[in-house]
Structures are given as C-alpha cells and as structure tokens.
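2 protein chains.
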Amino acid sequence: MDNKNKDLYKPFLQTRRLAPENQESPIHFLRQWITPDQYHYRRNHFLYPYLPQEAFFLPIAGEVERPTVFRYQDLLSMPFKTSAILLECSGNKRSYFRPRVYGEQWQDGAISQGVWKGVPLCHLLALTGVKTTAVEVVFEGYDYGPRTDLEGVFSFTRSLPINVAIHPDILVAYKYNGSAIPFKHGYPLRLIVLQWYAMASVKWLKTITVINHPFQGPFQSIDYNYYPYKDSDIGKRPVTTININSTIQQPLEYTVLGTGVHQIEGIAYTGQGVITQVELSFNGGKDWEQATLQQDPSQPYTWTHWTYTWHASQKGEYTIMSRAKDCTGRIQPEEAEWNRKGYGYNAVATIKVKVE
Amino acid sequence: MDNKNKDLYKPFLQTRRLAPENQESPIHFLRQWITPDQYHYRRNHFLYPYLPQEAFFLPIAGEVERPTVFRYQDLLSMPFKTSAILLECSGNKRSYFRPRVYGEQWQDGAISQGVWKGVPLCHLLALTGVKTTAVEVVFEGYDYGPRTDLEGVFSFTRSLPINVAIHPDILVAYKYNGSAIPFKHGYPLRLIVLQWYAMASVKWLKTITVINHPFQGPFQSIDYNYYPYKDSDIGKRPVTTININSTIQQPLEYTVLGTGVHQIEGIAYTGQGVITQVELSFNGGKDWEQATLQQDPSQPYTWTHWTYTWHASQKGEYTIMSRAKDCTGRIQPEEAEWNRKGYGYNAVATIKVKVE
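Chains W and R are the protein sequences, given in the same order. Taking my numbering, the leading residue of the first sequence gets 1, the next gets one more, and so forth. Taking my numbering, the leading residue of the second sequence gets 357, the next gets one more, and so forth.
Quick caveat, the hints were computed from the structure, so don't treat them as lab data. Be aware that a few hints might be false.
[Unchecked claim] Below, in silico cross-link-like pairs of lysine to aspartate or glutamate (EDC-like), each with a Cα-Cα straight-line distance of 16 angstroms or less: (1) R:K697 - R:D393; (2) R:K710 - R:D652; (3) R:K697 - W:E253; (4) R:K366 - W:E21; (5) W:K230 - R:E712; (6) W:K315 - R:D505.
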C-alpha cells in the first residue's frame, strides 16, 4: 500500500437532505478552479423529475410575436456562448445567521462553478420577437411537488424582469464542462443566469413564457425574498444578485497548527462587477493585510482564488478574518443582514485556530 | 429517468480533513443496523501507513512467559469470536462544546458499527503466558508521523490495563462484516475493544507488548485525557469507556415540517451495560415521553435504535430533546462536562424544528 496514493484522500459532497437531494460541495477541500461534476453542489426543492419526450422541445410563448417550439437538436446548432459561471444557492451559509433561521442548514459549500455552453436567451427571444407589453419572462422546470405552507402541488417556476432576461450572457444551456448537462444539474436544458443567486438558473427547463405582469408563483412571491423581520413581512424585497462574499477554505475552523509558515487560502466573489481586493485580519478587524489574488479577467463570472502566507511564529489562539471588496465599492459587512428565511449571508468570514 | 430510483439519493461521508483522512459517517441518513463499509467513519492521526510483509506477523513480547510471533494465517484458524461492535471516536460531537474547543470539529457521525471477527486477545495472552509483573498491555499500530506539540515522529500506540485487556470479548480482529478488514479500517489486524472509545481499537496492529509500568506515549499521556480546565492540568483523567449518549437522526436541526404525523428517530448507546430507556421532551425538559426501543439482547455492544411517533398538529417552533438511560443508572446530563480537548460529549440531544 502506498500512502502517497492521492486516491486514498478524497472528499465527498456533504449531505444536508436526501430526498429532495441537497448536498454541499466540499469547498474547503477543492483546489480546482472548475468544480468537477461529482463535486458540484446539489440543491433541489422536489424529488428529481421524470423527463418525458417533450423535454427535448422548448416552447417560448406568451407576449411574443411568433410563439415557437425549439427543438433540442436545433438549439445545438444555433449561435452559442461558452462561459465559466459560478452558481451559489442564496441559502449558502444560512447556518451562520444569529439568531438561527429555519431551512437547509448550508455551511460554505452551496457554491460551485463550471463551464456552461448554450444559446443566449436573447437570441431565442429575438427569434420569437417580444411584444412591447412584456414585463417578465417566466421559466418553468419539470420538477414539482408539495410545499409545507400551501395546499396543492407546484412546479419550480421563476421569473426574470424583461430587462434582465435580455442580458446577452444569460444562456439556455445544454452543456456543462464539455458534456451534456448531468441529469441532476438540469439535463437536457437549463437556464443559466450569471451573477444572480442560483434559484434563477431553472433546471430541467420545460417552458418559457413572456408575461405582461409580475409573476406570483410561490418560489417568486414567498420564497427567495428577504424578510427583515421575524413576525412581519414589512420591508420584503426579492433576492436577486449575489452579495459580495469570501470564504476561508483553509485552514479550517478550530484547527490546531504547529508554529511555522501556513498558507491561508480561499475564494471571493460578487454578483456585481469584479473582486478588486481581499484583506485578512489577525487582530479582530483592527488591521487588514492584502491577500494575493488569482483572477482571469476573461472570466468575470467566476470566483477569485486568494492566498496569504502566514508566518505563525507565536503560539496562541488566533482569529482570522477575510473581507472582499469589488469594483462597485461593495465590501463585506461585519454582520450579515438578518432575514427570516436566511438568504444572502455574507458577513466577513471568521475562523479561530490555535498555534502550539 | 425514474425519480423513484433509490440510487439517485445517496448520502456521503462528511469530510473533516483529507490527509490524515477524517470523515464522518452520514449517521442522520443511515437506517441500517450495521454500517456499510463505505459509510464507516474514518479517523486517522497520520497518513495511511505503508504495510510491509511483517504486517502479517504479530509479535507478543515483554512481560510474558513465551514471547511469540503469531502468523496472520495461523490466527485465521484459531478459536474466534464474532460480534457486532459499535465504535465511537471520543471526539464525536466535539463541535457542540461551549466554550468551543480545538481539534477535529466532529458533529454526530464519528460513530459506526459492524460485525468484527477475530481471535480473543485473552486467548493469545494465554498462549504466551503473562508474568505476574504485568501492569499494562501496549498496542502499536503501523501508522506514524509528526505531532504539532512535540519534536520527532510517533507511532499511534495505546495501552490497556492488564485487567481490562483480558476481557474475553476484546479481539485481535481480521474480518469486518464478513470480509477482510478494509485497509482504511486497519487491515490486516486491528484490536477491537468493546465499550471503550475507539482510540483503544488500534488499527494496523504491529506489536503487542506487556509491560510492568504505566505506558507514557503521547496518545496515552497527553491526548485522550479529560482536562477539566483550560489553563491547568489539574484533575486530568484518562478517556476510557463510552459515555451514555443519544442522537436524534431525524428530523434534522432547523428543519421546516408540515403539520401532521412525523417519525422522530435516533440511536442511543452506552459503554456500560445496556440502554434501558430513551425519553423525549417537547417542552424544554419539563415532561418526558417514552420512545420505542429496538434492541437485540444478543448484541449488547451495539446502539439501540429508537423511534417516536409525533403528532405535530399545532404550528409553531419546537425544541425536541432526547435522553438515554442505561441499566447502571447513568443518564445523559443536561450539559456535557466541558474538557479542554473536547472528549466524551454526551449532553441531552436537542434540536429545533418549525411546524408550519
């Protein structure tokens, strides 16, 4: 037996729930810039859907000039875009809210990134033509089931404002990392909405409908809204783009380290513009030092990997904090904005370690 | 695609650290009484060892009448015992201590059970004869490496008092669940010490040495001791048998449930005697109700699975607590005894859920 065999040491998805399947990516143990398929986080509201033959036909209807059913095969030969895109569940880091909130208790791993290839949605909408009455575009998935708070059965359906939907980089995707999209991630067709939390990137895309009023489905009007108060809906506002955020991948929380040089590393990301700076503090936020950023300017919709070489010569307990900034001037707050359903947690990342 | 396909919904080990490999069993998602090999928790102090040819020869030496090297092949044809045995890392549930403690941040899953087959250690000691000067028996594993707190390199080595070592159910095991022990769990030979925390069950067994004094290796005299104080070693005492404990497997912490009937289930276990009772409270510990126990009296070294049918007719937030009792009169405490290295956490299990 060879103890240097890398196959001996493999991380796994972290199970939050089995059916529907909700599992985190082992983000603390991944160094790849692109998340391998088997490590992409899985987030589902319902059991996996049954896919009928019609899943290979995508109708676009409603407030359009020329309602059209696009065939999967035809989509494959249309103009396409390929881009690396980070997807993050808006509930990522939910378990860190204080007071605690109910829902899937995600830690840091409801985030992954990969290379998506597909037809720009705006190209399809140009083919169908959009009436001037259009207000929103509704995307329905094949997955459906019951909810705890309402009677009946619902499909997972979300909308985008028409002015967002026409962004040239939003894709009706058919490939992930060079292959057909894995079933669990939306095969055969998935909407991919860059920079928005991933509830917008509807899997197993069934229909696209342009409507002349705001969409009111429960995943639009109940879930995926920030509710600032526990017992009142005052101040409710929709979850949209990804908040500026950073995660310390290594070392892990409450690790014991020896004295010496340690590499601190992590990721930083934002849903507006690009990351310009990641800073670390070792004294509770009084002083901040620059981390080194690894960025690919040609891939603006991905995370930035950062590193910092730490000379831990003094024994003792340390609090290490990371804080990201983006080009729009946003910066991670000391405390995340508490909200009843636990979306968008993005406080400064903080871990404790002991050097002995 | 068939959404009823059970293979679609599989849990994984939960990664705490890669090298050395420390991964939890997905205990909340396992219903089997015997943990399948791939879901047995993995706990290592060092990288996996290289196994030389000598790993198939087990020397017993020291304070014995007839020092002997036992061949693996010969052990296979000696008198044997087969029993289902629960192994629990003494750091299981460490992450629940308040104040927090350093070390692997195990949640509930550093526990698994399986069927171990091997030669009773007392049979081997009877063959070698034990001198009256014998005080402890020392077990060395093939795994070794550096520590953060000491210079040099150490093997993982543990001792048992001679009066414990002669327990007729302690095994030099060579099979797990009917097959050779998986490499990661100690192939070819592993000591299996029932009812003790699993640091006693030395993997990749290299040598057994009977000594006439207390053993002082760092995994005996530094680690695996309860230190009641943060900054003093006063009151230090060794970690030995498993504390009485219970875990709520389902529902999970901070889950949202619909109104209706829900099955609450979990496990309870003890390192002394057997579980006699598991009680649940829904009002913060004021009233306690009986759970139904599933036990196999012929397998006393395993956990007891328990269930409770909960009629959740009222909407609201609930705190659910579980508390186990054993036949020696031990009962889970409201708070675990805090100790600096975080061993033996066994407070009443508590979760919050919301019914809507």
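Taking the hints in turn, this is what the structure says about them:
no.	hint	verdict
1	R:K697 - R:D393	violated, 28 angstroms
2	R:K710 - R:D652	violated, 34 angstroms
3	R:K697 - W:E253	holds, 15 angstroms
4	R:K366 - W:E21	holds, 8 angstroms
5	W:K230 - R:E712	holds, 14 angstroms
6	W:K315 - R:D505	holds, 11 angstroms
Checked against the numbered hints listed earlier, the structure breaks hints 1, 2; every other hint is satisfied.
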